[in-house]
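Participant: Protein sequences appear in the order of chains A and B. As numbered in my numbering, residues 102 to 538 make up the first sequence, in order. As numbered in my numbering, residues 96 to 650 make up the second sequence, in order.
To be clear, the hints were calculated from the coordinates, so they are not data collected in a lab. Note that this is a predicted model, so its numbers are computed, not measured. Careful, some of the hints might be misleading.
Unchecked claim - Result set (DSBU-like, lysine-lysine): computed pairs, CA atoms no more than 30 Å apart in a straight line:
| no. | chain 1 | residue 1 | chain 2 | residue 2 |
| --- | --- | --- | --- | --- |
| 1 | A | K354 | B | K293 |
| 2 | A | K272 | B | K372 |
| 3 | B | K541 | B | K518 |
| 4 | B | K610 | A | K299 |
| 5 | A | K479 | A | K168 |
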Amino acid sequence: MTTKIANTVRQFKNVPCPFCGLCCDDLVVERNGKDGKKLKIAKNGCDLARRGFEAPVAGAVPKIAGKKASFDEAVAAAAAILKNSDRPLFSGMGTDIEGAKAVLQLADGIGGVVDHAASHALFRNFRVMQNSGWMTTTVAEIRNRADLVIFAGTDGVSVSPRFFEKCIWPKKALFTNLQKEREVVFLGRGPSIPSAAKPPRGGKKPTLISYDTKCLAELFGTLRALYHGRRLDAKQAVGVAISDLEKLIEKIKAARYGVIVWASGQIEETFGDLAVQAIAEFIKDINETKRFAGFPLGGGDNALGVAQTCTWQSGFPLRTAFGEGHPVHDPYLLSGRRLLVEGEADALVWTSAFRGDLLPPKRPKDTPCILIGVPGMKVSPGADVYIPVATPGVDHTGSFVRTDSVVALPLRKLRDNDLPSVAEIVGAIETVMRGGA
Amino acid sequence: MLIRLKGGRVYDPANKINGKIGDIYVRNGRVVSRPGTEKPDQVYDLSGKIVMAGAIDLHSHIAGGKLNIARILLPEEHRDMVEDRTRLKRSGSGEPTMTSFTTGYRYAEMGYTAAFEPAMVPVNARQCHLEMADIPIIDKGCYAMIGNDDFFLRMLAAKKDKKAIRDYVAWMMNATGALGVKVVNPGGISAFKFNGRKLDLDEKTPHYGVTPREVLLSLAGALEGLGVPHPLHVHGCNLGVPGNVETTLDTIAGTGGLPMHLTHIQFHSYGAEGDRKFSSGAARIAEAINKNKNITADVGQIMFGQTVTASGDTMAQHAHSHLANPKKWVCMDIDCQAGCGLVPFRYRDKDFVNALQWAIGLETFLLVDDPWRIFLTTDHPNGAPFTSYPHLIRLLMDRSFRNDMLATVNKHARVASNLGAIKREYSLNEIAIMTRAAPARILGLKDRGHLAVGAAADITVYSEHANKEKMFSKPDYVFKDGQLVARNGRIVDVVWGTTHVVRPEYDSAIERPLKTFFNDYQGIALDNFVVREGDFPEDGRYRFKAHPTKKRRAA
């Protein structure tokens with residue numbers, strides 16, 4: 102896996118990239134020997150990957166109330182805040198599975214609430230599973246099997262820049278002729294990075310259907326009615342001519358294995374779960390006679406890995422409170438953001454081990470914040486304790502779950518960095534709280 | 096530390112000990128021979144008690160992605176059943192889709208010291224191990240799902256030789272950390288992705304043109320050739336379909352003597368007779384098992400109440416999704432390898448079909464003669480949660496209780512079943528065989544499931560009770576690797592068990608086509624697919640033990 106190039110540069114191949122939910126694992130990353138810390142992407146990757154792997158290692162000093170402190174002092178200060186808290190919120194949760202396990206153990210032990218920075222998006226999907234279920238598919242199935250891919254309210258590339266390269270337009274596919282058969286339809290806007298979504302030479306050009314992007318649920322309600330042969334009096338719906346939707350229905354009926362991709366974080370209507378449900382129920386209907394599947398795109402900051410871990414440990418996918426001595430879940434009331442806004446959490450532990458721009462949300466002034474963040478992270482005013490953290494997949498090994506919730510990838514250690522991992526920091530806080538050294 | 100378990104009545108069928116009163120000595124987690132003059136550090140007076148090895152569940156869905164989907168699908172189950180954290184224990188919730196820590200506690204409290212996840216999707220293996228690391232106390236292991244994966248089906252369609260298939264199977268077991276191999280609806284999950292809705296044993300799959308029978312024989316032969324102790328673990332064709340008894344009998348008849356384990360056979364033992372076109376095929380299945388010594392089976396008993404069916408068999412699960420209760424379900428196609436389907440079920444005793452399913456399972460238990468070849472499972476959570484095992488044991492050991500229960504179920508099912516006429520009652524020795532000695536033997540766990548000198552000190556001690564459900568619910572003592580972990584059905588200590596694997600040898604030439612396939616189609620690097628022990632933290636929760644295979648035979 103590693104090759105030595107010259108004396109000063111080490112090269113790592115097949116590096117999994119934890120900087121979006123797609124977790125591409127074909128990156129070639131080089132490490133500069135001078136300080137043994139500088140990384141550069143030599144092959145593959147994208148802007149998100151570059152920003153992640155090539156982020157400078159600077160400003161890695163723990164702080165208490167903005168003043169430099171030792172690691173032990175910062176840990177002790179964090180433990181003191183948590184000791185005084187009746188209902189601490191653990192969120193952000195940009196961490197590997199091992200870090201999530203450590204946080205869950207602490208939260209279970211002291212009665213905290215656990216959520217993830219992306220839970221607003223996640224719960225638009227989980228609410229649908231909790232209410233009615235769905236039929237979905239995974240990356241390799243789309244890549245090899247799909248002949249029609251409909252992007253519903255997302256362009257794919259603004260979530261995962263290499264989605265088309267990895268999933269839609271690979272070099273080869275097992276069951277579909279990529280040139281003659283695979284077709285892409287964008288509902289909403291075209292790709293924000295057109296080059297990243299470009300079909301191969303000879304491939305079909307994508308179709309774009311613009312609609313009133315605040316009405317995704319209604320769009321799919323209309324499509325469902327048309328699919329079942331209902332006649333609509335209207336000439337248009339949500340800003341689209343019915344005749345255009347009928348053409349789309351023809352494509353859907355002609356497809357062997359169609360896929361609808363959505364990114365719940367990009368759905369613009371307030372009750373985004375209803376839009377996801379409209380898509381999911383449409384897909385179930387189609388499957389009465391033929392094959393179709395959904396694909397939820399998202400999963401940045403290991404949102405799915407953290408949600409999976411919380412689910413197998415507590416029974417619930419985040420928004421879970423341990424204050425009553427056992428897991429209590431509420432998909433609305435226990436939203437971390439809501440708890441902070443309403444002042445229902447009396448301390449915040451915010452973790453971001455993948456990127457510096459995942460900042461803690463607004464909160465009342467008297468809610469103390471313990472920030473476990475990557476070096477160089479802008480310590481927002483009021484972060485009472487800041488503990489710099491290593492990045493999984495860069496500074497240490499770890500595990501990450503891809504956006505389809507199935508494939509867990511091993512994150513590699515590419516350099517030596519003195520910084521502790523999330524698991525180590527949280528473990529240290531727990532030890533102090535238990536009265537240990 | 097030397098422990099003496101003194102004067103209990105020992106049931107250790109692997110060593111032909113059937114209710115003999117005797118002592119067992121334990122040191123450093125192992126059963127040791129009677130020491131000379133050395134005084135034991137601890138003595139447990141077990142006079143009047145029953146002593147058995149720790150029980151082993153060879154088929155229980157305890158980890159992996161599909162179980163998590165089921166948990167998310169059923170927040171109401173987890174809201175209604177919660178487990179408080181204590182000084183020793185982590186909190187948890189749920190029963191059919193119980194959370195990881197609770198799973199370990201519940202098994203241990205019942206005297207079980209090992210449980211095996213039977214449906215690990217290879218691309219999900221890493222997550223499965225991460226999750227199993229959060230199941231305390233008991234030993235674990237998984238069977239990798241092969242037989243619907245495109246790499247394998249391509250090999251089969253291209254008529255690759257036996258050696259190549261063996262190398263692939265062996266490679267996959269190594270790569271995923273598996274103890275066995277399971278095939279689910281052979282070829283059928285793949286067929287469903289091509290919109291196939293039904294696939295009979297000799298029907299050709301779409302695209303590949305291979306038959307389920309070819310898949311079964313190829314995989315069963317590969318495992319036998321590799322010397323993997325556990326035979327192919329088979330979830331056959333046509334699960335849940337009335338009349339599928341014919342398919343199952345045909346499967347048994349067509350094994351050509353190769354060892355096969357037919358799992359949750361209750362779901363595959365349905366006739367299509369009678370007014371309702373649903374009848375019991377248990378007698379015919381039991382007769383076939385009795386006759387074919389190469390066949391073993393676990394039952395997959397159903398119990399009345401709420402549960403969820405979790406299966407890799409998307410074809411069957413989608414077909415049954417209209418029965419979902421509550422009305423929500425999930426199906427998923429998985430990454431050129433498999434699928435999964437989650438359909439909640441509420442089995443009702445007053446429902447004809449459910450009541451007959453219940454009777455069919457019990458008939459199967461009682462009509463198969465050899466307890467070494469029939470295993471006690473509910474296919475947790477598909478038939479019922481594993482917490483119903485004590486009740487199930489009572490049904491098997493106590494005919495009058497069984498008939499009392501039978502009297503309460505759907506009248507027509509009662510008439511359609513032969514259960515009331517069956518006189519057999521299982522003995523304690525037979526229960527010890529089917530829940531200890533036999534599963535250890537069929538999984539190749541040489542030092543588990545028995546109590547001879549050198550065995551792991553996984554030991555359960557019960558108080559004899561006329562009510563066998565009571566007796567088996569709360570053992571007096573449970574030792575895991577010599578450590579007392581439960582007392583009177585309550586956890587008193589938390590230890591971490593072992594993950595059992597086998598690592599059959601393979602010719603590394605197989606990695607070349609695999610690398611190409613992963614590069615071209617799978618979309619992840621082979622290197623990142625392989626699960627290595629070194630990928631996990633060294634926190635004592637990822638202890639793998641590789642068991643020897645028999646000698647690999649020439650292809």
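Participant: Can you give the numbers of the hints that this structure goes against, from lowest to highest?
Facilitator: 2 and 3
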